[in-house]
Amino acid sequence: MNDILTIILVLIGAPILGCLASGIDRKLTARLQGRVGPPLLQPYYDVRKLLSKDNIVVNPSQNFYVIVYLAFIILSLLMLVFKQDFLMIIFVYTVASVALVVGGMSTGSPYARIGSSREIMAILSYEPVLILYALAIYLLTGTFKLSALLDASSPLLMYTPLIFIAMIVVLNIKLKKSPFDYSTSHHGHQELIKGMTTEYGGPGFATIEIAHFYEYVFLTGLIFLFWASAPVIGVLIGIIAYLLVIVIDNITARVYWQWMLKLSWTILLVISLVNIAFLYVSGVKLI
Amino acid sequence: MIENTVMLLIIVPLLFSLLFIALPKSLYKYLAWAFFIIGIALSVSLVLGGTGVVPVEGPNFAMYENIVLVLEVLVILYILAVSAKYKNWPTLGLGIISAALFAYTYANVPGAESASFNIDQLSQLMILIVNIVGTAIILFATGYMDQYEEHRHLNRQRTFYFTMSFFLAAMNGLVMSDTLGWLYLFWELTTLCSFVLISYNMDEEGINNGFRALSLNLVGGVAMSIGIILLATKYDINSLTGIATYAGTDAVALAALALPVALLCIGGFAKSAQMPFHSWLLGAMVAPTPVSALLHSSTMVNAGVFLIVKLVPAFANTSLGTAIAVYGSFTFVICSALALSQRNAKRVLAYSTIANLGLIIASAGIGTPLAVAASMMLILFHAISKGLLFLCTGEIEHTIGSRDIEDMSGLIKKAPLLTSIAALGMISMLLPPFGVLLTKWVSMEAASNNPVVIIFIVLGSALTTVYYSKWLGTILSSSMDKNAVPHKKLETYFPLSVLALSIIGTSIFIFSIYNYFVGPQVEILLGNVPNITGPVGQFTSEIGAFDYAAVFVVLALAILIYLATKNTTTRKVNFYMCGENNLEKDGLMFRNGVCDYEKCSVSNIYLQNIFGESKLTTFGYAISIILIVIALAGGVGL
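Heads up: the protein sequence lines correspond to chains A and F, in order.
Take the first sequence: its position 159, counted from the start at 1, is 159 in the numbering used here, and no numbers get skipped.
Take the second sequence: its position 628, counted from the start at 1, is 628 in the numbering used here, and no numbers get skipped.
Check the hints yourself; a few may be wrong.
Label pairs and their in silico Cβ distance ranges [to be verified]:
| id | chain 1 | residue 1 | chain 2 | residue 2 | range |
| --- | --- | --- | --- | --- | --- |
| 1 | A | T252 | F | R152 | 48 to 58 Å |
| 2 | A | A30 | F | G593 | 51 to 61 Å |
| 3 | F | G505 | A | S147 | 41 to 51 Å |
| 4 | F | K234 | A | A277 | 33 to 43 Å |
| 5 | A | L244 | F | I40 | 38 to 48 Å |
| 6 | F | G401 | A | R35 | 48 to 58 Å |
| 7 | A | A277 | F | F590 | 50 to 60 Å |
| 8 | A | T266 | F | R152 | 42 to 52 Å |
Under 8 Å between C-beta atoms, here's a sample of chain F residues computed to sit facing chain A [claimed, not checked]:
| id | residue |
| --- | --- |
| 9 | K470 |
| 10 | V551 |
| 11 | F552 |
| 12 | K572 |
Keep in mind that the hints were calculated from the coordinates and are not lab data.
Positions of the beta carbon are idealized from the N, C-alpha and C atoms, including for glycine.
The task is simple: from the sequences and hints, build the whole structure.
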């Protein structure tokens, strides 16, 4: 019974939180650019407007991929909330990412295909870091199950500072923020060609936006895990990381995907590996 | 009962190979259907018959042993003759070495009184793979080969079906024999069959690649026969179970076995096309697609990993095991990287096969119960998915006339059913809830105590996601021309559907498969079972848990929502090109600066200059040879 309540709470609560987060992003970005910016609830108005429009598609099957995208984001969020196996959460999350990529490609549109190709490169950049994060959790707790983190004697962050830094960059990549927003430009929603999502409009695009709301919560949830033993601090760290991403978004310009791949497969991987090596050598256990 | 099934499993495919020679081409279709049905019946009856050892003794043994001797002599003579005929000196040299080793064995190794077939759960699993996937491939070939030969002006189908059926007989013998001498004969027979099939086109390219396969596998065969001689003369061991028993006595015995076991493993590496032997499997691409499918999924390469899994008791938790795990995971990552840079669909699949076999070998090398369970499950799921993907590639090639991934864009419009089946095959290779991913998850969890292995697996797994999702997106993308029309033959689509349904079925019933085949076999190999429990629909190991049922439910839900909302106000338009669509023609071309029309073309990213063959192959050779030397050195106790 409790589980069902939690599920309902997540299903309703997460998009509200995500929508607010997105609104704060728009507001903050506007202020950083010296504008007043839209109202806080602008993302909600956007989605409501999109839902009222015709669903224009190039290929009817593109809607299917969007539904899979939304469904698997929600599933990975639920698995996170229910403290399931972290490695498996990453794989389930990959289903969502691949669905969005295939959805973009399925339209056959040149812009969407370019965006999708670039997003595949983004997957190549962040996936190893994510799995190494899972490995760090395993090394510290002896299990991939997140439930163990709640009983941890001290926070994860104490022993995984380098992975934390890498994860902040991964957050930037996943939220498609500058400097890594080449697969779907996200800057203030003002560009016509939005990479992977170019061919989506109306309810289809609204679904993607709603999925993004869930994704915001899911991704900050991953950061929360760094201090899960004291939830208040964990939430705080999640919020700080999110704000940091917005600031980075505003002070950097878009880069080539090659640049990001290099950054990720050299610096991010190396610092993560150093961190992992430290965990192997020191043999610290949190439980 | 079980004795009869064992004999039938070898004799029936032989009988079919003779029928293919004797009967006219018009009857091949019916023969293939019969073979398919009998193959399923026989393999299922073997599984239902349970496990057991079938000894061959007395007069029967004497007769069979003579047949084995004659066959071995014939194999060697054939190798010598064919390599002399084509003046392939390296192969001739290897043939002479094999002959010398055979003569040495005959003269110096004490003869046995009996031989035996050992039907354990792994053999049962392999028999199911060989006789269901293998015969499905032969059935597919009856819908494929006519067109193939027409293009190339060939008329050698007799040889083709004879060898394919013979191959299955040899494979059945290989996975059932316990006696090393017999295992070795079947081993060499599969090498020969692959040689004949790879050089099927009889052109220069085909023959060269055939010889490459032959010579590299002979290298493995030589290593293996030295290993067998060492085992027989030094420790009086002449069977696989004998190795396990001897290894189980004490640590000294385990250490003593390391060198011969490492030699046997090298035979396995060569057969499974691991680096540095991988080039033969890539060369095998020149053969007709059913041959590739057979080699990659149900025969040849599986023989290698089968042997390595069977040898697990002799290297689990030793330095040799660790060396094997590092070696396998290295092949996994380097071949995944190489696959990323390929545009040729068959090469992508070939590298992906080598990579996945590397993962199987790595899992076996890790040697924990969980890891060994993962390696066995991966053999099963990989065989089904890869068999399907190869057949789909062949059919795609016949539909659009190309095996370049870039040419496959828009395939979903041209051949929807074929594309959907191929897409299922690809998804099953990289995403949950399908078997391959689930076993990858298990092996990652199992490998997490070995830093080098886990990092290789992590990187390889990310690369795998990339090359499959790229290809998946390409075939599912819609371009508007519908010129190609697929031919819808029952012999083509029935095997494809069977394999596609097997993917879904085995993924749903993964826990039953685990309970029936994998758990008991791990108990045989290691003496204890992995701590995997949980209600149906969940997979819980000691270090993690996965509700794969939840993923199935969500997937089904997504499909239902899609179908329910399919007919709501959807308006179809052409795609957006910044207002530069040509409205006069089909609306899909750009209007360029001189009021002309241009088709836009976008291609995937292949990262040739990072992961290209020219960049990585030499590096791969160097590292893999060093790793093999380390494995051998670990064997002599350095």
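Here's how the hints hold up against the structure:
1. T252(A) - R152(F): 48 to 58 Å: Once the Cβ atoms are compared, 56 Å apart, the range 48 to 58 Å for R152(F) and T252(A) holds.
2. A30(A) - G593(F): 51 to 61 Å: Cβ of A30(A) to Cβ of G593(F): about 38 Å, so the range 51 to 61 Å is violated.
3. G505(F) - S147(A): 41 to 51 Å: 32 Å, violated
4. K234(F) - A277(A): 33 to 43 Å: 41 Å, holds
5. L244(A) - I40(F): 38 to 48 Å: 59 Å, violated
6. G401(F) - R35(A): 48 to 58 Å: With a Cβ separation near 55 Å, G401(F) and R35(A) satisfy 48 to 58 Å, so the hint holds.
7. A277(A) - F590(F): 50 to 60 Å: 51 Å, holds
8. T266(A) - R152(F): 42 to 52 Å: At roughly 47 Å between Cβ atoms, R152(F) and T266(A) fall inside 42 to 52 Å, so the hint holds.
9. K470: Holds, about 6 Å.
10. V551: 6 Å, holds
11. F552: Nearest chain A Cβ about 11 Å off; hint violated.
12. K572: 6 Å, holds
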